[in-house]
Amino acid sequence: MAEAEEPKKKKQRNYRRDKPWDTPDVDHWKLEAWDDAYSPGAFLEESSFATLFPKYREAYIREAWPLVTRALGKCGIACELNLIEGSMTVRTTRKTSDPYVVLKARDLIKLLARSMPVAQALKILDDGVHCDVIKIGGLVRNRDRFVRRRQRLVGPDGQTLKALELLTECYVLVQGNTVAAMGSIKGLKQVRNVVEDCFRNVHPIYNIKILMIKRELAADPKLREEDWTRFLPTFSSKNVPTRKPLKVREKKAYTPFPPPQPPSKLDLQIAS
Numbered sequence: 001m002a003e004a005e006e007p008k009k010k011k012q013r014n015y016r017r018d019k020p021w022d023t024p025d026v027d028h029w030k031l032e033a034w035d036d037a038y039s040p041g042a043f044l045e046e047s048s049f050a051t052l053f054p055k056y057r058e059a060y061i062r063e064a065w066p067l068v069t070r071a072l073g074k075c076g077i078a079c080e081l082n083l084i085e086g087s088m089t090v091r092t093t094r095k096t097s098d099p100y101v102v103l104k105a106r107d108l109i110k111l112l113a114r115s116m117p118v119a120q121a122l123k124i125l126d127d128g129v130h131c132d133v134i135k136i137g138g139l140v141r142n143r144d145r146f147v148r149r150r151q152r153l154v155g156p157d158g159q160t161l162k163a164l165e166l167l168t169e170c171y172v173l174v175q176g177n178t179v180a181a182m183g184s185i186k187g188l189k190q191v192r193n194v195v196e197d198c199f200r201n202v203h204p205i206y207n208i209k210i211l212m213i214k215r216e217l218a219a220d221p222k223l224r225e226e227d228w229t230r231f232l233p234t235f236s237s238k239n240v241p242t243r244k245p246l247k248v249r250e251k252k253a254y255t256p257f258p259p260p261q262p263p264s265k266l267d268l269q270i271a272s
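Position 191 of the sequence shown, counted from 1, bears residue number 191 in our numbering, the numbering being contiguous throughout.
The hints are simulated quantities; they were obtained by calculation from the structure and are not laboratory data. Backbone N, C-alpha and C define an ideal beta-carbon position, used for all residues, glycine too. Be a bit skeptical, because a hint or two may be false.
What the hints assert, rightly or not - Result set (PhoX-like, lysine-lysine): computed pairs, CA atoms no more than 20 Å apart in a straight line:
1) Lys-189 with Lys-209
2) Lys-186 with Lys-30
3) Lys-55 with Lys-110
4) Lys-186 with Lys-162
5) Lys-110 with Lys-95
6) Lys-244 with Lys-209
7) Lys-214 with Lys-135
8) Lys-123 with Lys-74
9) Lys-214 with Lys-123
10) Lys-189 with Lys-222
11) Lys-95 with Lys-30
12) Lys-104 with Lys-74
13) Lys-209 with Lys-162
14) Lys-222 with Lys-162
15) Lys-186 with Lys-214
16) Lys-214 with Lys-162
17) Lys-135 with Lys-186
18) Lys-19 with Lys-55
19) Lys-162 with Lys-189
20) Lys-123 with Lys-104
21) Lys-251 with Lys-214
22) Lys-209 with Lys-123
23) Lys-30 with Lys-110
24) Lys-214 with Lys-104
25) Lys-95 with Lys-74
26) Lys-238 with Lys-104
Stated by the list, open to error - Computed spacing ranges between beta-carbons, pair by pair:
27) Asp-127 with Lys-19: 22 to 32 Å
28) Ser-48 with Asn-201: 40 to 50 Å
29) Lys-222 with Gly-41: 17 to 27 Å
30) Gly-137 with Pro-256: 29 to 39 Å
31) Tyr-100 with Asn-142: 36 to 46 Å
32) Pro-256 with Thr-234: 25 to 35 Å
33) Leu-103 with Trp-228: 46 to 56 Å
34) Val-202 with Trp-228: 39 to 49 Å
35) Asp-197 with Gly-86: 33 to 43 Å
36) Leu-103 with Pro-221: 20 to 30 Å
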């Protein structure tokens with residue numbers, strides 16, 4: 001009896017080599033602090049970003065601009081405030097060593113333009129902190145419905161927004177036609193899902209309840225690696241009619257003759 005044939009190796013595995021330095025104890029997702037020795041020379045090209053801010057933010061930004069200049073100066077980023085055009089500009093300099101810090105500075109001026117406090121916005125310069133500006137202005141056409149759903153996201157006395165911040169570990173600010181969020185990548189994805197579902201007429205309390213259940217399941221070492229579908233609630237949408245049903249009139253029998261002509265005022269006087 002012929003021996004069983006050995007399974008053929010896939011072609012893409014022919015040229016793989018062992019990686020003795022890649023051991024299981026290496027954390028590939030660990031964020032390492034930037035060292036200026038990684039990029040000792042100056043950049044060849046200058047990168048710059050600019051953003052506009054509304055008129056009502058001018059006084060606050062002018063007052064807080066020294067703090068922004070001081071924080072960006074430590075990173076080697078130059079910034080400029082133009083009150084005539086109403087714009088903020090950041091750009092790299094010859095002292096800039098981190099190539100990613102200019103994108104962090106771009107996010108900083110974007111958050112300042114979206115009415116975020118400067119003390120909170122400066123945290124975007126830290127490693128592991130990211131931001132997301134969610135545009136909600138075009139999700140709902142009716143203006144009254146948009147205002148109601150935006151208020152539903154905030155909740156009474158801001159309680160719904162506070163619960164969302166505690167569960168996602170993100171800072172969330174609702175301002176005008178945008179929602180600005182700061183935090184980790186995972187938390188920002190959860191915030192975006194909750195915000196977009198809220199404007200699709202899904203109440204935020206449902207998603208908050210799901211996040212609470214997921215948090216409890218993640219803390220359990222036995223259920224951490226299992227499928228959580230059976231634990232998560234399923235909410236069915238109910239279409240409740242808001243308008244009164246139209247009265248259906250009974251159809252009369254068809255007659256080819258026109259209805260009798262009503263008597264005139266003169267005929268009524270003669271008859272009386």
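Quick rundown of the hints versus the structure:
{"no.": "1", "hint": "Lys-189 with Lys-209", "result": "holds, 16 Å"}
{"no.": "2", "hint": "Lys-186 with Lys-30", "result": "holds, 15 Å"}
{"no.": "3", "hint": "Lys-55 with Lys-110", "result": "holds, 15 Å"}
{"no.": "4", "hint": "Lys-186 with Lys-162", "result": "holds, 18 Å"}
{"no.": "5", "hint": "Lys-110 with Lys-95", "result": "violated, 23 Å"}
{"no.": "6", "hint": "Lys-244 with Lys-209", "result": "violated, 33 Å"}
{"no.": "7", "hint": "Lys-214 with Lys-135", "result": "violated, 27 Å"}
{"no.": "8", "hint": "Lys-123 with Lys-74", "result": "holds, 14 Å"}
{"no.": "9", "hint": "Lys-214 with Lys-123", "result": "violated, 27 Å"}
{"no.": "10", "hint": "Lys-189 with Lys-222", "result": "violated, 26 Å"}
{"no.": "11", "hint": "Lys-95 with Lys-30", "result": "violated, 26 Å"}
{"no.": "12", "hint": "Lys-104 with Lys-74", "result": "holds, 13 Å"}
{"no.": "13", "hint": "Lys-209 with Lys-162", "result": "holds, 14 Å"}
{"no.": "14", "hint": "Lys-222 with Lys-162", "result": "violated, 30 Å"}
{"no.": "15", "hint": "Lys-186 with Lys-214", "result": "holds, 13 Å"}
{"no.": "16", "hint": "Lys-214 with Lys-162", "result": "holds, 18 Å"}
{"no.": "17", "hint": "Lys-135 with Lys-186", "result": "holds, 19 Å"}
{"no.": "18", "hint": "Lys-19 with Lys-55", "result": "violated, 57 Å"}
{"no.": "19", "hint": "Lys-162 with Lys-189", "result": "holds, 17 Å"}
{"no.": "20", "hint": "Lys-123 with Lys-104", "result": "holds, 10 Å"}
{"no.": "21", "hint": "Lys-251 with Lys-214", "result": "violated, 58 Å"}
{"no.": "22", "hint": "Lys-209 with Lys-123", "result": "violated, 29 Å"}
{"no.": "23", "hint": "Lys-30 with Lys-110", "result": "violated, 27 Å"}
{"no.": "24", "hint": "Lys-214 with Lys-104", "result": "violated, 31 Å"}
{"no.": "25", "hint": "Lys-95 with Lys-74", "result": "holds, 10 Å"}
{"no.": "26", "hint": "Lys-238 with Lys-104", "result": "violated, 44 Å"}
{"no.": "27", "hint": "Asp-127 with Lys-19: 22 to 32 Å", "result": "holds, 26 Å"}
{"no.": "28", "hint": "Ser-48 with Asn-201: 40 to 50 Å", "result": "holds, 42 Å"}
{"no.": "29", "hint": "Lys-222 with Gly-41: 17 to 27 Å", "result": "violated, 53 Å"}
{"no.": "30", "hint": "Gly-137 with Pro-256: 29 to 39 Å", "result": "violated, 58 Å"}
{"no.": "31", "hint": "Tyr-100 with Asn-142: 36 to 46 Å", "result": "holds, 41 Å"}
{"no.": "32", "hint": "Pro-256 with Thr-234: 25 to 35 Å", "result": "violated, 59 Å"}
{"no.": "33", "hint": "Leu-103 with Trp-228: 46 to 56 Å", "result": "violated, 35 Å"}
{"no.": "34", "hint": "Val-202 with Trp-228: 39 to 49 Å", "result": "violated, 19 Å"}
{"no.": "35", "hint": "Asp-197 with Gly-86: 33 to 43 Å", "result": "holds, 34 Å"}
{"no.": "36", "hint": "Leu-103 with Pro-221: 20 to 30 Å", "result": "violated, 38 Å"}
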